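Novice: Take a look at the letters that make up each chain.
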Amino acid sequence: MGKLQADAVRTIKEICGRYKDERTPLMMILSDIQKEYGYIPLEVQEIVSEETGISVAEIYGVVTFYSFFSLTPKGKYVIGCCLGTACYVKGAQQVIDKFSEILHIKPGETTEDGMFTLDALRCIGACGIAPAVSISGTVYPKVTVDKVATIVEEYRAKEGAAS
Amino acid sequence: MAKVNIKIEGVDYQVESGLTILEAAKACGYEIPSLCTFNHGECNQGSCRVCLVEVKGARGLVASCVYPVSEGMEISISAPKAVEARRRSVELMLSNHSKDCQQCEKNGKCELLYVAQVTGAQEGKYEGVQSEHYFDEIAPGLVRDTSKCILCGRCIERCKNAHGMGILGFENRGFKTFVSPAENRSFADSPCIQCGQCVNVCPTGALMEHSEIAKVDAALASGKHVVIQTAPAVRAAIGEEFGYPVGTAVTGKMIAAQRRLGFERVYDVNFGADVTIMEEGTELLGRLKNGGVLPMITSCSPGWINYAEYNYSDLIPHLSTCKSPHEMQGALIKSYWAETMGYKPEDVFVVSVMPCVAKKFEKEREQLKVNGIPDVDAVLTTRELARMIKRAGIIFNRLPDEEWDSDIMGAYSGAGVIFGVTGGVMEAALRTVYHVLTGEEYGKIEFTEVRGHDAGIREASIDIKGTTVNVAIASGMKSAKVLLDQIRAGESKYQFIEIMGCPGGCINGGGQPYVRPVFLPDEDDDILDTYKEKRAKALYSEDERQSVRQSHNNPDVKALYEKFLGEPNSHKAHELLHTSYAAREGFNEVK
Chain A
2 MGKLQADAVR
12 TIKEICGRYK
22 DERTPLMMIL
32 SDIQKEYGYI
42 PLEVQEIVSE
52 ETGISVAEIY
62 GVVTFYSFFS
72 LTPKGKYVIG
82 CCLGTACYVK
92 GAQQVIDKFS
102 EILHIKPGET
112 TEDGMFTLDA
122 LRCIGACGIA
132 PAVSISGTVY
142 PKVTVDKVAT
152 IVEEYRAKEG
162 AAS
Chain B
364 MAKVNIKIEG
374 VDYQVESGLT
384 ILEAAKACGY
394 EIPSLCTFNH
404 GECNQGSCRV
414 CLVEVKGARG
424 LVASCVYPVS
434 EGMEISISAP
444 KAVEARRRSV
454 ELMLSNHSKD
464 CQQCEKNGKC
474 ELLYVAQVTG
484 AQEGKYEGVQ
494 SEHYFDEIAP
504 GLVRDTSKCI
514 LCGRCIERCK
524 NAHGMGILGF
534 ENRGFKTFVS
544 PAENRSFADS
554 PCIQCGQCVN
564 VCPTGALMEH
574 SEIAKVDAAL
584 ASGKHVVIQT
594 APAVRAAIGE
604 EFGYPVGTAV
614 TGKMIAAQRR
624 LGFERVYDVN
634 FGADVTIMEE
644 GTELLGRLKN
654 GGVLPMITSC
664 SPGWINYAEY
674 NYSDLIPHLS
684 TCKSPHEMQG
694 ALIKSYWAET
704 MGYKPEDVFV
714 VSVMPCVAKK
724 FEKEREQLKV
734 NGIPDVDAVL
744 TTRELARMIK
754 RAGIIFNRLP
764 DEEWDSDIMG
774 AYSGAGVIFG
784 VTGGVMEAAL
794 RTVYHVLTGE
804 EYGKIEFTEV
814 RGHDAGIREA
824 SIDIKGTTVN
834 VAIASGMKSA
844 KVLLDQIRAG
854 ESKYQFIEIM
864 GCPGGCINGG
874 GQPYVRPVFL
884 PDEDDDILDT
894 YKEKRAKALY
904 SEDERQSVRQ
914 SHNNPDVKAL
924 YEKFLGEPNS
934 HKAHELLHTS
944 YAAREGFNEV
954 K
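Chains as they are written, first to last, in this note's numbering: chain A, 2 to 164; chain B, 364 to 954.
Worth flagging that the hints you see were computed from the coordinates, not collected in a lab.
None of the values given here were measured: they were computed from a predicted structure.
All the given hints hold, so there is nothing to weed out.
Listing some non-contacts, in silico: residues in chain A with all C-beta distances to chain B over 12 Å: (1) 15; (2) 22; (3) 25; (4) 35; (5) 99; (6) 101; (7) 108; (8) 129; (9) 135; (10) 136; (11) 147; (12) 148; (13) 150; (14) 153; (15) 159.
If you want a taste of the chain A side facing chain B, the calculated C-beta under 7 Å gives, among others: (16) 43; (17) 56; (18) 57; (19) 58; (20) 59; (21) 61; (22) 62; (23) 65; (24) 66.
Derived lysine-lysine pairs resembling BS3-like cross-links, with alpha carbons at most 27 Å apart: (25) B:539 / A:36; (26) B:523 / A:21; (27) B:844 / B:523; (28) A:159 / A:99; (29) A:14 / B:844; (30) B:841 / A:14; (31) B:841 / A:21; (32) B:523 / A:14; (33) B:807 / B:921.
We put the CB at the ideal spot given by N, CA and C, even for glycine.
All chains, full assembly: derive it from the sequences and hints.
Specialist: The following block contains the structure:
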């Protein structure tokens with residue numbers, strides 16, 4: 002411990018305080034922290050443990066159980082490829098493999114420049130437009146292997162323009 | 364209680380309503396195979412599927428450990444479908460389980476192997492993918508081998524129930540799930556107090572003490588002077604390993620067995636316990652007289668010391684500076700005894716037999732070395748000593764009853780014996796403190812108000828001829844936390860507090876024989892509720908049988924101070940018998 006900055010500690014305590022009257026506050030707290038910082042490292046879990054009385058091992062268990070939570074920082078753009086049944090039979094595996102190939106990362110990893118994280122998702126409820134890819138909130142319907150490079154370029158271009 | 368009528372295999376029974384099928388069947392004389400024989404709320408997930416039975420009208424087979432009985436229920440344990448399903452459940456578990464049963468130290472006490480035998484499960488029936496395994500043997504006290512874990516979660520529950528801590532948890536999910544401290548760290552790199560309560564409930568060999576039998580073997584073969592010393596709680600439990608009823612003190616046979624294993628001296632740690640009382644009692648009186656930090660808290664339990672250093676380092680000044688009894692005695696064996704014998708300290712090897720796995724950690728502490736030489740070289744649990752006795756072919760119950768070695772440091776008082784149970788150190792200390800303050804012996808000797816055998820807090824006010832001493836006792840960190848938080852808040856009304864790491868004290872230590880109903884067929888069904896009390900009784904009766912029952916009246920202790928130490932808390936006593944503590948980071952940086 003001790004690596005966290007004082008204002009981060011304050012924010013985490015404030016997030017814990019939001020749910021102090023909830024019977025089972027852990028999911029809400031972790032969800033808010035994930036949204037705020039993009040990841041939930043052990044040092045942060047220790048603070049949540051102190052604030053809620055829930056053991057660090059249990060919190061760690063919840064963080065590693067749900068793929069939504071992350072122990073390491075995520076990229077600026079999180080590419081979520083749905084691998085639910087409908088998307089899978091429509092070729093989602095080939096789509097995610099193509100993202101892997103272009104970005105040189107495996108699912109669950111983040112590119113070295115911190116730009117992209119590739120995630121494999123279970124059904125996101127968009128079976129009608131399978132295979133679906135969701136990038137930081139924007140959903141791309143019926144993605145095929147040959148569209149992957151264009152999608153990645155779109156974001157790289159956006160970043161290029163911004164910098 | 365309301366009753367309900369049920370049928371098992373077509374036979375009518377009347378059982379209490381509200382029971383699970385598993386419990387009801389037990390009351391009717393059936394033992395359904397299950398992995399929650401330790402069903403004290405410590406496994407109630409119904410996930411192992413080993414206890415499946417057929418219930419007429421139910422959809423599919425039901426898990427009898429969680430399914431409640433109801434009026435008119437017709438149950439079949441022997442229905443072919445149920446028999447086959449139970450066998451398959453176990454076979455599936457075995458398919459992802461380490462196959463080294465032969466060398467597994469849990470063999471003979473393994474509940475998985477037991478249900479495999481009962482259900483007729485075959486190893487290798489399903490050849491499937493193996494999940495990734497982790498092995499942690501970094502901590503001196505505990506070993507974790509996930510290849511033997513069946514994910515029952517008993518260890519997780521025990522850590523929470525006993526201590527309110529929860530060092531262990533489930534990590535990841537699905538096939539990748541395993542049980543570990545956060546971040547899959549070693550116990551050594553997490554705020555684990557290494558008490559071993561998790562080991563006591565693990566149904567398989569996934570959690571074990573860190574065995575030091577090989578170290579002791581090597582010492583015995585080396586030609587060193589190997590001295591063995593045994594803690595009080597061991598005598599009250601080791602008999603269970605040799606078929607004696609729970610609560611039988613087998614002191615004489617245990618001594619005889621140790622002698623036959625080839626130790627040069629066979630000592631009782633009770634001598635050290637008596638010395639501890641002299642030192643700790645004097646320390647308490649000093650604090651009372653000179654306005655020292657109060658309440659003073661006992662320091663015998665290394666699990667508790669670990670907890671304090673991790674979580675309450677601000678309260679370290681409250682801890683007695685006394686080493687624990689076996690460390691004191693180890694230091695005396697390597698100085699007082701070695702000098703008398705004409706041995707060099709480095710040629711003496713001290714083995715402690717303890718009901719504890721945290722003692723394995725304790726003996727490694729830098730603060731417990733004198734001139735770089737550890738006070739104690741190896742710590743065996745009660746279970747490990749039993750293994751050594753069995754390995755040597757010694758037929759335990761045919762041994763004669765022998766006496767402890769007694770030369771310059773063998774004698775002990777009844778006060779030392781009761782150290783093994785929660786409240787015992789307190790009572791032993793009060794017997795002596797009373798004498799020092801009044802110059803008289805306390806009439807009835809016993810301070811029964813501080814006695815108990817379970818977790819929870821007890822308190823008492825002792826009137827010592829006009830001086831009132833308020834004391835409290837806690838065992839298990841959940842109870843201890845209440846008293847510690849009072850001190851932190853400046854609201855503690857006590858002068859003296861006894862804290863033991865394990866619920867009930869050493870009788871229920873993490874190194875004691877496993878209490879598993881399936882392996883104790885002669886014990887009553889409620890053995891899980893009664894074993895602590897039974898073991899405690901064995902210690903209190905040994906105390907009653909002693910002619911000397913106060914530490915200050917132990918003749919060898921008197922001689923020790925006259926010839927060697929001077930007086931309690933003297934400079935020499937401080938050098939040899941006292942120690943220090945330091946704050947520790949729970950989740951330290953791991954390189």
